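Visitor: Just so you know, the sequences run in chain order R and H.
Going by UniProt numbering, the first sequence opens with residue 1, and the numbers climb by one from there.
Going by UniProt numbering, the second sequence opens with residue 1, and the numbers climb by one from there.
It should be emphasised that the hints constitute simulated quantities derived from the structure, not laboratory data.
Keep in mind it's a predicted model, so treat the numbers as computed, not measured.
Do not take every clue at face value.
Capping the alpha-carbon separation at 20 Å, the derived lysine to any residue pairs in SDA-like fashion look like this [claimed, not checked]: (1) H:114 with R:212; (2) H:67 with R:162; (3) H:67 with R:74; (4) H:54 with R:212; (5) R:166 with H:58; (6) H:57 with H:16.
Label-pair restraints from in silico Cβ distances [what the hints assert, rightly or not]: (7) H:115 with R:71: 38 to 46 Å; (8) H:17 with R:104: 22 to 30 Å; (9) R:81 with H:119: 53 to 61 Å; (10) R:211 with H:115: 23 to 31 Å; (11) H:17 with R:81: 22 to 30 Å; (12) R:102 with H:59: 36 to 44 Å; (13) R:111 with H:96: 51 to 59 Å; (14) R:162 with H:114: 22 to 30 Å; (15) R:162 with H:115: 37 to 45 Å; (16) H:23 with R:96: 23 to 31 Å; (17) R:162 with H:97: 48 to 56 Å.
No residue lacks a Cβ here, since even glycine has one placed at the ideal position from N, Cα and C.
Residue strings, one per chain:
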Amino acid sequence: MLDDFMVRATLAGVGVAFAAAPLGCFVVWRRMAYFGDATAHASILGIALSLALSISVFAGTMLVALIMALTVNMLTGRGYAMDTLLGVMAHSALAFGLVAVSFLSGIRIDLMAYLFGDILAVSRVDLSVIWGGAALVVALIGWRWSDLLTATLNEDLAYASGINPKREQLVLTLALAITVAVAIKVVGVLLIAAMLIIPAAAARPLSRTPEGMAMVAAGIGSVSALVGLRAAYVLDTPAGPSIVCVAALIFAALSIVGSLRSSSQ
Amino acid sequence: MSLIEVHNLSIRYGGHTVLSNVSLHVDAGEIVTIVGPNGSGKTSLLRAIIGAVKPSKGRVTQGADVKLGYVPQKLHIDPTLPMSVARFLALPNGVAPAAIDAALKQAGVPDLAKAQMARLSGGQFQRVLLARALIGKPQILLLDEATQGLDQPGSAAFYQQIDTVRRQTGCAVLMISHELHVVMSASDRVICLNGHVCCEGTPEVVASAPEYRALFGSGTLGALALYRHDHDHDHDHNHDALGACSHSPTEAVE
Chain R
1 MLDDFMVRAT LAGVGVAFAA APLGCFVVWR RMAYFGDATA HASILGIALS
51 LALSISVFAG TMLVALIMAL TVNMLTGRGY AMDTLLGVMA HSALAFGLVA
101 VSFLSGIRID LMAYLFGDIL AVSRVDLSVI WGGAALVVAL IGWRWSDLLT
151 ATLNEDLAYA SGINPKREQL VLTLALAITV AVAIKVVGVL LIAAMLIIPA
201 AAARPLSRTP EGMAMVAAGI GSVSALVGLR AAYVLDTPAG PSIVCVAALI
251 FAALSIVGSL RSSSQ
Chain H
1 MSLIEVHNLS IRYGGHTVLS NVSLHVDAGE IVTIVGPNGS GKTSLLRAII
51 GAVKPSKGRV TQGADVKLGY VPQKLHIDPT LPMSVARFLA LPNGVAPAAI
101 DAALKQAGVP DLAKAQMARL SGGQFQRVLL ARALIGKPQI LLLDEATQGL
151 DQPGSAAFYQ QIDTVRRQTG CAVLMISHEL HVVMSASDRV ICLNGHVCCE
201 GTPEVVASAP EYRALFGSGT LGALALYRHD HDHDHDHNHD ALGACSHSPT
251 EAVE
């Protein structure tokens, strides 16, 4: 079954959807959308590094995403606003990454594959990395779920309950780095943030509990991957962007239903 | 033994000293109010007590088994986060539904358990925060300008609720408040803060202290007049509250 590239691609897409769903909910609730974007952009530098040092792209991107996220975590509250810091770090890392890639003259690199993903070329090894990473992210967030929710509501309420919100922020940062690293092959650097935010945002009108929202987001992400890949196959369109297009259409449809329902109440 | 004691506490952010050498204590059943201008370190002091700020000097000690109930300033919950009131109260460790209902009843909003947090009015929201603080059966409630953003009747009703809770449970209250007439009429002790403790004592002592007058100016006269006016009435209330305290089943004191 895994010999079929479409089956492997579908499984890869669903794996990313599962990791991105609970994490994406926190990204939406905590208004960290730009954080996800910035971490993803910085990972281009990780790709350049991993090619130069001949280590796996997964390890390289995860390393850079982590360093970037930790640096931003450390520097916030020291004079610059969060979005300024993210802008400086993300775009510098992206620029340095693109320049570094140009020095790697010995290797022919398909930059487009990293910017937009190459889900149809997912190998069995890639698949195990994606599912391993996704399982790790889901386990990490599931383990910290209540504490993360409390810290998201209010930092001082968290402290009063004996929770350190800084530690919970670190958990999210770590999960974000892992997700970015596993999602690069599937949707590429430029569209990772879309897989985080769009399914979570689309799930909002259907949800009454935080857990419900994460589960609906996972469902919407998976459906987007299935339908998007099918559409890409039939219409001969790029796979990663097709997946995001389907997610966006679901978001639009559910938003309209949601606003109709709330106005009729 | 006091419920909480603060010894020579200093707090610095960066190179800036917010609080220096602050000492205070709150005993069982007391109402202690912290007043002071903006930037005087009131919120930092409360945050140090709940453990959200590490003091650069000094320490905060709690009596054995003393539980704190913390009511923050109005907090913002992103409307994209679906959360019922019951769920909010159960975080982070899970609470039995009966305890949630009891806390909501005590906070004066018995029917809100199923409501979504994002749809609450300002007054309802603050009462839900109060219910959250009450769930752990605290011996002391910490209120950080809990009525900020409420209008005058809403704020009066909220303080009324605090008073009811205190009479039912006998818990102590340490609060920050800008509403001087409330402070002066309801507090057992007032601590006037401006980076350090300017003056402290009973409301009368503080209101006539020159340091307090320097900070609050002529407004104090009005507050004092109100205080005098309400004095007998409120004294009775306090007496009731302390009486309830000594008979209360909560293990406030050894």
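Visitor: So, for every hint listed, does it hold in this structure?
Guide: Results for each hint:
no.: 1; hint: H:114 with R:212; in the structure: 15 Å, holds
no.: 2; hint: H:67 with R:162; in the structure: 12 Å, holds
no.: 3; hint: H:67 with R:74; in the structure: 32 Å, violated
no.: 4; hint: H:54 with R:212; in the structure: 37 Å, violated
no.: 5; hint: R:166 with H:58; in the structure: 23 Å, violated
no.: 6; hint: H:57 with H:16; in the structure: 14 Å, holds
no.: 7; hint: H:115 with R:71: 38 to 46 Å; in the structure: 41 Å, holds
no.: 8; hint: H:17 with R:104: 22 to 30 Å; in the structure: 52 Å, violated
no.: 9; hint: R:81 with H:119: 53 to 61 Å; in the structure: 31 Å, violated
no.: 10; hint: R:211 with H:115: 23 to 31 Å; in the structure: 18 Å, violated
no.: 11; hint: H:17 with R:81: 22 to 30 Å; in the structure: 25 Å, holds
no.: 12; hint: R:102 with H:59: 36 to 44 Å; in the structure: 57 Å, violated
no.: 13; hint: R:111 with H:96: 51 to 59 Å; in the structure: 57 Å, holds
no.: 14; hint: R:162 with H:114: 22 to 30 Å; in the structure: 28 Å, holds
no.: 15; hint: R:162 with H:115: 37 to 45 Å; in the structure: 27 Å, violated
no.: 16; hint: H:23 with R:96: 23 to 31 Å; in the structure: 53 Å, violated
no.: 17; hint: R:162 with H:97: 48 to 56 Å; in the structure: 23 Å, violated
Violated hints, in rising order: 3, 4, 5, 8, 9, 10, 12, 15, 16, 17; the structure is consistent with all others.
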